[in-house]
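Asks: Take these sequences, add in the hints, and give me the full structure.
Chains P and X, in that order, are what the protein sequence lines are.
In terms of the UniProt record's numbering, the first sequence is residues 1 to 377.
In terms of the UniProt record's numbering, the second sequence is residues 1 to 396.
Derived by calculation from the structure, the hints in this document are not laboratory data.
Because the structure is a prediction, the values reported are computed rather than measured.
Among these hints, one or two may not hold up.
Below are the DSS-like pairs computed for lysine-lysine, each with C-alpha atoms no more than 25 Å apart in a straight line [unchecked claim]:
| id | chain 1 | residue 1 | chain 2 | residue 2 |
| --- | --- | --- | --- | --- |
| 1 | X | K229 | X | K381 |
| 2 | P | K107 | X | K302 |
| 3 | X | K305 | X | K252 |
| 4 | X | K284 | P | K2 |
| 5 | X | K274 | P | K83 |
| 6 | P | K83 | X | K284 |
| 7 | P | K83 | P | K208 |
| 8 | P | K149 | X | K141 |
| 9 | P | K149 | P | K83 |
| 10 | P | K107 | P | K83 |
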Amino acid sequence: MKIRVERDGLADAVAWVARSLPSRPPVPVLGGVLLDAGATDGSEGLTVSGFDYEVSATVGVPATVADGGRTLVSGRLLADITKSLPAQPVEISVDGSRVAIACGSAKFSLPTMPVEDYPQLPAMPQHAGELAGEVFGQAVSQVAVAAGKDDTLPMLTGVRVEMTGEKLTLVATDRFRLAMREFEWKPSGDVEDAAVLVPARTLADAAKALGSAGRSVELALSPTDGLLGLSGSGRRTTSRLLDAEFPRYRQLLPSEQTSSAIIGVAPLVEAIKRVSLVADRGTQVRLEFADGVLRLSAGGDDEGSAEEELPVEFTGEPVMIAFNPGYLQDGLAALHADRAELSFTTPNRPALIKPVNADGEVTPGYLYLLMPVRLPG
Amino acid sequence: MGVWSQVVGQPDAVRVLGTAAVAARGLVDGTGTAAGMTHAWLFTGPPGSGRSVAARAFAAALQCTTPGEPGCGECQGCHTSMSGTHADVRMVVPEGLSISVAEMRALVQTSARRPTGGRWQVVIITDADRLTEGAANALLKAVEEPPARTVFLLCAPSDHPDDVSVTIRSRCRAIALRTPAAPAIAEVLRLRDGVDTDTAAWAASVSGGHVGRARRLATDPAARDRRAKVLRIPLHLRRLSDVFDCADDLVKAAETDASEVSGTRDEAERDALKTALGHGGTGKGAASATRGSAGAIKELEKRQKSRATRTQRDALDLALVDLAGFYRDVLVTHAGASVALNHPDHAEGSAQAAGSWTPESTLRRLEAVLACREALEQNVKPRIAIEAMVSAMHFG
Ligand SMILES: [Zn+2]
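Replies: The structure is reproduced here in structure tokens:
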């Protein structure tokens with residue numbers, strides 16, 4: 001391999017790929033980045049790739065290729081070297097078991113790793129559609145918060161991605177809460193409607209890496225592949241899908257409500273924090289809604305108790321209900337809104353939390369369903 | 001050479017696995033049905049019969065991308081499956097003496113992933129007999145309801161079938177490997193390791209069907225010397241003071257054997273990891289990339305250390321198997337039976353022993369060796385167990 005490439009493009013590509021590499025690679029080759037010049041996929045130039053068996057990351061960089069080929073070098077080392085290079089063209093060449101990098105007067109040599117042992121990079125699935133990067137990034141973070149962390153229940157550790165025509169739906173649940181976001185996107189029309197389950201952590205990372213403002217994100221998916229592809233601004237990632245049955249969640253969503261409250265998010269979160277401080281291990285916070293007033297309380301007679309009152313716009317039957325304070329705060333934070341609507345049926349049925357806009361209207365497209373905890377006595 | 005050439009002297013197993021791999025391929029490309037492919041397999045066999053090699057070869061055949069018979073050994077799917085880096089083949093090798101629940105949970109999570117290459121997600125557990133109870137429970141759940149494209153390959157020694165729980169065993173299709181025949185071992189030593197015909201035949205004939213052992217004896221003169229030293233012990237126990245010297249020799253021989261096995265392997269692993277973590281670069285500031293890599297290297301060294309304990313145990317056990325073989329040869333000579341000797345190259349010694357010991361005392365010596373193997377398995381301190389054994393060998 002012998003190529004010439006611009007410094008900035010190379011440094012950006014390597015930095016982006018290297019950041020997804022495992023810090024403690026399970027097998028050494030996974031600590032490497034693959035440099036492929038005059039690439040096998042037919043594209044000209046250089047591709048820089050990394051893979052940790054779970055997520056692959058690939059960036060294309062324009063390059064003058066004198067001699068094509070593939071080589072594998074430490075991602076850490078290459079990232080460190082490229083970020084300190086002067087702003088001049090970079091020459092990369094493989095010589096035996098080492099790679100030489102020359103840039104201006106700076107010269108480096110890196111040991112190569114066995115490229116023949118490097119795992120096959122997953123192929124990008126078929127282009128399914130696109131959407132705005134910031135919308136996607138926010139949606140994923142709003143939903144991933146409800147995903148389970150118990151590795152023995154794989155079906156709950158994922159985010160379900162449903163493509164239905166012009167609508168994209170993201171859902172996650174750990175059985176105690178469920179978060180769902182729906183929005184419009186631009187399907188390519190080449191891929192049938194599908195629903196897949198993506199590990200929440202990898203989807204959140206990929207969305208963060210690609211979901212920058214003002215750029216669009218492309219989704220690649222085919223129901224028969226085991227992968228979800230995400231790409232934007234010349235960067236491509238694939239994530240493995242979970243092969244597990246997601247709970248049938250639509251039947252969990254309450255179809256009616258007997259009361260609802262509209263309240264400021266920040267004052268409510270502060271009050272929950274203060275009140276739940278007294279509760280042992282934050283077991284539960286009780287909310288008592290009546291006309292115009294929300295009374296929060298936590299703790300019992302023997303462990304000390306705390307109470308606070310907040311003004312609230314409330315309609316319907318008075319209700320007393322209790323929640324896990326952490327889950328309640330997660331839901332309020334995920335709204336990305338100043339005000340929230342909380343709606344109820346009965347104290348032992350799930351409550352719904354939705355964002356409310358400046359006009360006092362519920363903003364459609366997001367909901368956070370929260371199971372109540374049993375009230376004492 | 002296809003991947004099956006690595007599976008030495010197991011024509012029956014290779015036939016079954018090859019057929020399953022063909023069925024598996026039909027399932028993947030849509031030309032076949034689910035019949036003929038199974039989601040969980042248990043490979044059993046005596047030590048050295050190549051359980052995990054067979055499992056790997058099967059994994060490679062499942063990932064092979066070359067048309068024709070699956071398992072070409074040349075394509076990237078085959079190569080990375082055999083070298084342990086394929087994205088859809090995960091191997092759990094317990095470095096210590098048991099497999100933890102945490103290790104197993106991570107594996108269950110892996111097994112719930114769809115394969116990246118569109119074929120199979122393969123999970124190999126090399127010593128399923130060492131699963132802790134919690135780990136076995138975590139695994140059982142996954143084996144009971146495996147995702148459509150996940151295959152579990154469990155390996156366990158056949159001399160302790162009960163160490164794998166009945167519930168797990170009942171979910172698995174069994175592949176029973178046998179002790180490979182000497183000619184098959186000799187052939188692979190010649191073809192793969194380039195050993196000359198005579199040495200290959202000799203090493204195969206004295207290895208007790210242990211392929212790895214045969215390879216070491218064929219390729220490493222020091223290992224040959226250590227074996228000879230161990231086999232000299234039975235006839236050199238004249239005085240009581242010999243007991244301690246011989247016990248010492250035995251433990252030392254095993255330790256040296258083990259550290260030679262570990263040494264080269266450990267160093268290669270450490271070098272590969274260091275390179276991956278940024279060592280070995282030259283140029284202004286290149287050394288700074290190695291910052292923060294010490295933790296990962298230490299972790300590897302810790303794993304290697306606990307594996308070394310295991311390797312040492314295995315080496316000592318091999319020496320005991322050699323000794324037991326010698327006493328069996330003496331018994332066979334007593335009986336005048338025309339059975340192939342374990343150590344044909346020490347026939348003179350076993351004949352001499354048969355002339356001077358009664359069959360009863362030979363049997364007591366053999367029993368002492370077997371008792372020692374058991375004691376070591378129960379974690380008795382090696383030196384104590386070995387001294388007790390050698391002294392029993394002395395008194396007969
Ligand atoms: Zn192949």
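Asks: A separate judgement is required for each hint: does it hold in the structure or not?
Replies: We went through each hint and held it up to the structure:
For the given pair, K229 (chain X) sits about 22 Å from K381 (chain X) by alpha-carbon distance, which is consistent with the 25 Å threshold. At roughly 36 Å between alpha-carbon atoms, K107 (chain P) and K302 (chain X) are farther apart than 25 Å, so this suggested pair is violated. Note on K305 (chain X) and K252 (chain X): the hinted pairing holds, with a Cα-Cα distance of about 18 Å set against a maximum of 25 Å. Between K284 (chain X) and K2 (chain P), the direct Cα distance comes to roughly 22 Å. Compliance with the 25 Å bound is thereby established for this hinted pair.
A distance of roughly 21 Å separates the Cα atoms of K274 (chain X) and K83 (chain P); the hinted pair therefore holds under the 25 Å criterion. Restraint check: the Cα-Cα separation between K83 (chain P) and K284 (chain X) comes to about 12 Å, which is no more than 25 Å; the hinted pair holds. The hinted pair formed by K83 (chain P) and K208 (chain P) meets the criterion: a straight-line CA distance of about 22 Å does not exceed 25 Å. Among the hinted pairs, K149 (chain P) with K141 (chain X) is consistent with the structure: their alpha-carbon atoms are about 18 Å apart, no more than 25 Å.
The hinted pair formed by K149 (chain P) and K83 (chain P) fails the criterion: a straight-line CA distance of about 35 Å is larger than 25 Å. Of the pairs offered as hints, the one joining K107 (chain P) and K83 (chain P) holds, with about 14 Å between alpha carbons and a cut-off of 25 Å not exceeded.
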